[in-house]
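Student: Now for the letters of each chain:
Number of protein chains: 2
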Amino acid sequence: MINYNFYNPTRLVFGENTIEKIGELIAQRGYRKILMIAGGGSIKKNGVYDAVVQSLTKNQVAWVECWGVQANPCLTKVREAIAIAKEEKVEAILAVGGGSVIDTTKATAAGVFAADIWKVFEREEKIINALPIFTVLTLSATASEMNCSAVITNEDEEKKYGTGHPLLYPAVSVIEPSAQNSLPWEQTVNGALDAMAHIMEFYFMGTIEETVLGVDEALLKSIIKAISRLKLKQDDSIARANLAWAITMGLNGISGAGLKGGDWACHDMSHSISSMYHSIAHGAALGVLFPAWMEYVCETNQHQFDRFAKGIFDCIDIEEGVIKFRNLIKSWQGCTTLSQLGVKEEDIPALAKMTVARGPIGRLQTLDEKDVENILRLAY
Amino acid sequence: MINYNFYNPTRLVFGENTIEKIGELIAQRGYRKILMIAGGGSIKKNGVYDAVVQSLTKNQVAWVECWGVQANPCLTKVREAIAIAKEEKVEAILAVGGGSVIDTTKATAAGVFAADIWKVFEREEKIINALPIFTVLTLSATASEMNCSAVITNEDEEKKYGTGHPLLYPAVSVIEPSAQNSLPWEQTVNGALDAMAHIMEFYFMGTIEETVLGVDEALLKSIIKAISRLKLKQDDSIARANLAWAITMGLNGISGAGLKGGDWACHDMSHSISSMYHSIAHGAALGVLFPAWMEYVCETNQHQFDRFAKGIFDCIDIEEGVIKFRNLIKSWQGCTTLSQLGVKEEDIPALAKMTVARGPIGRLQTLDEKDVENILRLAY
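Those sequence lines, one after another, are chains A and B. If you read the first sequence in the numbering used here, its first letter stands for residue 344, the second for the next number, and so on. If you read the second sequence in the numbering used here, its first letter stands for residue 344, the second for the next number, and so on.
So here's chain A without its partners, still in its complex pose (with noise of 0.2 Å):
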């Protein structure tokens, strides 16, 4: 356990019938008038759309829309964000979504502010301030909902970077887990593949933190639980709410307490991967990823990546441990290589070359270019 900080200032509201309180919330906070941000219009099926617009409209906040964020969040959008809440003054912005969605509002709020939004995931400009952010969640994935951090792509330069800063945290996150019976099935299931991948991210730079460990693999578990259950009643509610929890619990600052930062190499494949290919999820590449970096690093500390497989899985080592992860993926309908998930061979040497374009990755074991090409052709 290493010297850490611990701050997050977020107020979550979880629960049933709890999108409904949003309009109040920003309103007992003195906002009236905000930019709304959502994605392709399934919140206009599913109910939330109503919800909340019922719910501002209720406590006379005024608002404006931008829709049409997609996975992978791009810079085109935020850039569009930044002119409108700029244009129509907005005094606070609404994410009604998911990470992507949330991701674009905090880079908007901050963008606002910024001389060049991209000049802040380039590490070249600093955030000065940013408009408050308010969340309705959608899918639970990211935990973006309850931290500080964004990851945009800028698809002209195919680069997905990261930036974080306290004045990113959500002022308020509403989570009414219900609102996801309604996601298709890999989305649900890609949601846990990436909160379980932000708790190994941490988990794996452990050596014998036993508070922080255990609470991981809590979680772990949870999700793990959560998602099979789901698996044969997609409105579970008891599941839905479980799941939700452990998700936004799996990268807001609990989870990694004392962990050194965490290590985030696999993280960082996936971010080249989605950048290249948009249309490969997220959370589906770290579940084929995360497996084969095991299988090539465990060694550098494998007490703890045994800890994993006996805690986790419940079998004597990580190689019996990388098995049953992928048998789990499986059986939850997930791709277990890169092939599958489309990936084309040929595309892994310069996949490896992205990665890398910032300097080695990875901290529990640097990484350099021709590891992470073995790594990528181990998923393949």
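Hints are not guaranteed to be accurate.
No copy is singled out in the list; a pair is fine if it fits within one copy or between any two copies.
As the list claims (entries may be wrong) - Listed next, the in silico DSSO-like pairs over lysine-lysine satisfying Cα-Cα at most 30 Å (straight line):
1. 653 with 568
2. 469 with 364
3. 462 with 364
4. 564 with 603
5. 376 with 388
6. 401 with 564
7. 667 with 568
8. 502 with 364
9. 603 with 364
10. 603 with 576
11. 687 with 653
12. 564 with 673
13. 568 with 603
14. 574 with 667
15. 429 with 387
16. 653 with 574
17. 574 with 603
18. 568 with 469
No lab work stands behind these hints: they were computed from the structure. Keep in mind that this is a model prediction, so the values were computed, not measured.
For this one, chain A is given, so just place chain B on it according to the hints.
Tutor: Leaving out everything else, chain B in the frame of chain A:
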């Protein structure tokens, strides 16, 4: 899992050599004069006071001091501290101590703006404002360093009441686990028992909230493991750190999310005991009361009690679990009966009466005066 709000804005600065940062943490928030509240003087022996004073001086933060807070902190001391805070026009308050010192600090911070701070505890007056609160923790037990509650004893009226308000979240809490190396052994144990009780007050309200219950089990097991390590080596820095973090999470919102606000019957009984017997530590009383309460109420939520027995003590049912729990406390050299604590048998009826003075207690099973008397006799 029921609806809940999670909100905890306290910034935690955790790890080695963090106490020396307190002056900077206060100064960077713009406060130039503070009131330092402390206990009986142990911080002058273990170097904590010197580190704090050096840091305040270095960062040009002026301070006045209020000493002498005792276990089960008293209203008289709160009134004394309020008078100093007003007289000296301090801008913030710094607690250097354990839960008693922090609770005194919270009551003082709010008391500066209250007509009569005891009326707040009597629920006859509301908290309208509070001075900013900083803490340097020297005893992990109450988690007061990361929550918004305070418990104060009115010694004249023999009442021990709690209050809570978002303004009472510390702005910053510094936890340097090794500062606890020199604690008397029973204080380390009582702190652990207090934290286990916090977690269990929530846990036994659970049914199938896998996520929170799994986290709670991880925290309980981590506390048990850390105490077992510390029994062999009281300056085991890894165990101190794991213990401190688990205890803070025991009552910072994480352990109780979605668990109906907890039961708190054992806490109510413990408060009566320590308001009648000032020398009995809160944690020690809880260690005696909880197993007796479990025996008395376990049929109300049998499944959950058996889950506890299996998950924490690896045994088949709660009957065996209670035996193992008492044996564990004995192995820590703690008390397992009220008579060992020094409670007189003839005081039991008065204690029962005092406990239900504001009505029946408990939420898993509502307990009236007769029930409380039965539990106290079981614990005797």
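Student: All hints, please: hold or fail.
Tutor: Evaluated hints:
| no. | hint | verdict |
| --- | --- | --- |
| 1 | 653 with 568 | both (16 Å within a copy, 18 Å between copies) |
| 2 | 469 with 364 | between (34 Å within a copy, 25 Å between copies) |
| 3 | 462 with 364 | neither (36 Å within a copy, 32 Å between copies) |
| 4 | 564 with 603 | both (22 Å within a copy, 23 Å between copies) |
| 5 | 376 with 388 | within (25 Å within a copy, 57 Å between copies) |
| 6 | 401 with 564 | neither (41 Å within a copy, 48 Å between copies) |
| 7 | 667 with 568 | both (15 Å within a copy, 29 Å between copies) |
| 8 | 502 with 364 | neither (37 Å within a copy, 38 Å between copies) |
| 9 | 603 with 364 | between (37 Å within a copy, 20 Å between copies) |
| 10 | 603 with 576 | between (38 Å within a copy, 25 Å between copies) |
| 11 | 687 with 653 | neither (34 Å within a copy, 49 Å between copies) |
| 12 | 564 with 673 | within (17 Å within a copy, 32 Å between copies) |
| 13 | 568 with 603 | both (28 Å within a copy, 22 Å between copies) |
| 14 | 574 with 667 | within (18 Å within a copy, 38 Å between copies) |
| 15 | 429 with 387 | within (26 Å within a copy, 56 Å between copies) |
| 16 | 653 with 574 | both (24 Å within a copy, 27 Å between copies) |
| 17 | 574 with 603 | between (35 Å within a copy, 28 Å between copies) |
| 18 | 568 with 469 | neither (41 Å within a copy, 44 Å between copies) |
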